[in-house]
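Protein chains in written order, with the numbering used here: chain W, 1 to 167; chain U, 168 to 576; chain S, 577 to 676.
There could be a bad hint or two in this list.
As the list claims (entries may be wrong) - Derived coverage of chain W by chain U (criterion: at least 3 residues anywhere in the stretch with Cβ under 8 Å from a Cβ of chain U; other residues may be distant):
1) 19–32
2) 60–70
To be verified - In silico PhoX-like links for lysine-lysine, alpha-carbon gap of 25 Å or less:
3) U:K233 / U:K205
4) U:K319 / W:K26
5) S:K631 / W:K112
6) U:K319 / W:K138
7) W:K130 / S:K675
8) W:K130 / U:K570
9) W:K138 / S:K631
FYI, nobody ran anything at the bench for these hints, they're computed from the structure. Backbone N, C-alpha and C fix where the C-beta goes; we use that ideal spot for every residue, glycine too.
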Amino acid sequence: MTAPLIVFFVLAALAVIGAISLILQKHPIHSALSLIVVMVALAGLYLLMGAEFVAAVQIIVYGGAIMVLFVFVIMLLNAGVEEHTSLSKLAGPPGLLLVVALAAFVAATIAKSGASVQTAAQTGALSSTKGISEMVFKDFVYPFELTSFLILVAILGAVVLAQREKS
Amino acid sequence: MRSFLTTNAELVITIAKIAILLFIVLTVNAYLTWFERKVVAHIQSRWGPHRVGPHGLLQPLADGLKFFFKEDPTPAGVDRFVYFLAPLLALALALTSIAIIPFGPEPIHLFGHDIYLGIAPLNLNIGILALFAITALGVYGVALAGWSSNSKYPLLGGLRSSAQMISYELALTMSVVGVLLMAGSFNLRDIINAQAHHPERGIFGWNLWPQILGFFCFFTAAVAETNRVPFDLPEAESELVAGFHTEYASFKFAMFFIAEYTSMITVSCLCTIMFFGGWLSPFPASWTFTDYLPSVILIPFGLWVIMDGLRYETVFGRIILPGVGTVLTALGLALIVLPQFNNFIQAPFWFLSKVLVFLFVYVWMRGTLPRFRYDQLMAFGWKLLLPVSIVNVILTSFAILAKMQWGHQ
Amino acid sequence: MVPTNYYVILSAILFGLGVFAFIFKRNVITIFMSIELMLNAVNLAFVAFSQALGKLDGQVFVLFVIVVAAAEAAVGLGIIILIARNRQTLNVERVDLLKL
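The shape of chain W in the complex, shown without the other chains:
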């Protein structure tokens, strides 16, 4: 049991516990907090893999901006405890079965193609920030500019949607 393996299992357990807690909690704010735990655990896993820039961006953007937006909306809308109707109680067991089947199918596919993706190489030589920035600004500059345009559209959309009706 090497140290990276122990760290992986701890972080993976944290992520799975967070995801299960997202499902089992009754109040949306507790689900939001569980999702933040999942995201921080995933950022730890990215650090373990040597993707330090992606880990930092995950915490800053996902954990520090998107989830804050979720928490704000839950607070502003005063979302209360969830109610479960008969239909949702009916969908529980078949949903669980389907999801287990899906996960088992994906896991089996991966395990069968084991040989080609067993080795985990180290992306150590080029610092990940420098490498990513070179790729984004040289090879992927067109998608980069498109995403900036996309964010502008999203901002305008959010502003228009949140306006009060002029009555």
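Got chain W; can you put chains U and S on it based on the hints?
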């Protein structure tokens, strides 16, 4: 035992560093409250705390004991988990950000191991980005505290405060990009070393002069981020009762308090590292006689403390103050006598002095400036600071491009 | 070193849990959060493969996924606020005006 220590030396050293740094940071926090009360009082032409211990120096101890013994009620109808989580989160994140700051370039050689000053490893390639990540998560402490208190004023204060923190986070991050362009790395040690390229320039080699716009943006945004005057409307007493920490009593309030002062210290450290040369001396490197400046400051100060203590009014002061003064004078003399120790202490001395200057500026602003109204505050952040920091990035990029094109012709 | 398989299996588990939350939960905000969970699971798979192949393309794609998720969260939450204002409920089963 010995073999365990030798095989896991790195782990043991890191844990020891964490414990020592935690102790130092919490003590500095406590005496920062004393410092603030004294300075604000003198600005307002009154004495601050001066009864508890000589010159009020034991006031933080008395405050700490009060926090321990005061009743800590939990209001009715709160969401218990989130109510207990919020101050814990704020404090944990604020203290974690101290781990990334380097305090000196030279390691201490002890038992055959090189112990560097600062908990983070030397080659932490995302130094400043990690600090911003921790700051980004700090919004949760405030927002969750306001919401979980089940009361109107804390909810409003919490929402306003977290909206303010998110808005100024953008200006904070953008104003640093100029420094990063000049240094070429996120690593804090590299940023300081990039300012040491011309040691004969001394104070004129710091990042402050090329990045003066960035410095003002960063400092203003950082003051807003830490919810200090003049941006402290969400927690001001006359406006919103006490903002998001209204319903928090003794110990949990102390946690928020410590978190706020610790983030003040972190921001001061960041300002010195990025704009003021970190641990570099402001004098040119050829002026080696300035190496004796720590002794020149310590010895007269120690002698003054002794003289003041001998004529102090209480018996306790007449014992403690001369003792403290003797220790300071002895330290100053030791620095003159031991040149190796003197060389080692230069870098941390300059770093700590600059951090103290920034903390003084923070407290000075609290004593003098009135606070912004909330809409003025938000307009200032979005309509002034963010465009100015973006202009700073553009100007810096053009300057670096021009230097690359015409500098190497 | 941790084999890449482990990361991808963890990604599959998280994705499955996200799908289950999407089906089972009734609060529209929680459903939206399960979508974010699914996106995160996919990000993990991308970074794992990027590390296995030694190239940085996967990490660049993760950056784009995060940006798109941010834009989608902003607009989606705006729509959710409008639904809550108009129908006075956050339960998806009650937003059924188009039902026959």
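Between K631 of chain S and K112 of chain W, is the straight-line Cα distance small enough, at 25 Å or below?
Cα-Cα ~24 Å, so holds.
Taking 25 Å as the top limit, are the C-alpha atoms of K319 of chain U and K138 of chain W close enough?
Violated. K319 of chain U to K138 of chain W sits at ~51 Å, over the 25 Å cutoff.
Tell me if chain U covers the region 19–32 of chain W under the three-residue, 8 Å CB rule, please?
holds (count 3)
Starting from K233 of chain U, check that the Cα of K205 of chain U is at most 25 Å away, please.
holds, 19 Å
Quick check: do three or more residues in the region 60–70 of chain W have a beta carbon closer than 8 Å to a beta carbon of chain U?
holds (count 5)
Checking one constraint from the list: CA of K138 of chain W to CA of K631 of chain S, max 25 Å. Satisfied?
holds, 15 Å
Straight-line alpha-carbon gap K130 of chain W to K675 of chain S, limit 25 Å
Judged against 25 Å, a Cα distance of about 53 Å means the pair is violated.
When you check the alpha-carbon spacing of K130 of chain W and K570 of chain U, does it fall within 25 Å?
At roughly 21 Å apart (the allowed maximum being 25 Å), K570 of chain U and K130 of chain W satisfy the hint.
Need the status of pair K319 of chain U, K26 of chain W: alpha-carbon distance at most 25 Å?
holds, 23 Å
The structure fails to meet hints 6 and 7 from the earlier list, while all remaining hints are met.
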